[in-house]
Amino acid sequence: MASGSREVILTLYSALVRSHLEYCIQLWSPRHKKDMELFERVQRRATKMIRGMEHLLYKDRLRELGLFSLEKRKLLGDRIAAFQYSSGAYRNDGENIFS
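Sequential numbering of the sequence shown, starting at 1, is according to the working numbering.
Read the hints as simulated data drawn from the structure, not as lab findings.
All of these numbers come straight from a predicted model, not from anything done at the bench.
We treat Cβ as the ideally placed atom computed from N, Cα and C, and that holds for glycine.
As a list, the in silico BS3-like pairs of lysine-lysine whose alpha-carbon atoms are at most 25 Å apart:
(1) LYS34 x LYS59
(2) LYS59 x LYS48
(3) LYS33 x LYS72
(4) LYS48 x LYS34
(5) LYS72 x LYS34
(6) LYS48 x LYS33
(7) LYS33 x LYS59
(8) LYS59 x LYS72
Distance windows between CB atoms, simulated:
(9) ARG31 x GLU7: 34 to 44 Å
(10) ARG31 x PHE83: 18 to 28 Å
(11) ARG45 x GLY88: 36 to 46 Å
(12) GLY88 x SER19: 25 to 35 Å
(13) ALA82 x GLU7: 32 to 42 Å
(14) ARG44 x SER87: 27 to 37 Å
(15) LEU16 x GLY66: 13 to 23 Å
(16) ALA82 x HIS55: 32 to 42 Å
(17) TYR90 x GLY4: 37 to 47 Å
Throw the hints in and build the complete structure from the sequences for me.
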């Protein structure tokens, strides 16, 4: 990538890559550590492309950019889905499933 600026890479990553990774995590719900590490490796590489952040640790880069690890994002998505289910958000969806 020609530009290593924070704004360009973070915008492209958030719009084109992270949304797919978050969708995949919620849909596939990877249980094995090696699968989660594969997803995290993509985010790790994208944050390392930002000029001036190459020397920082992964957790420090996330904190600096205001991002969560994908594992934390998965847990947040699971909590949101559990809350929606318990509050009855999905109650009407299953009524007409076989009719």
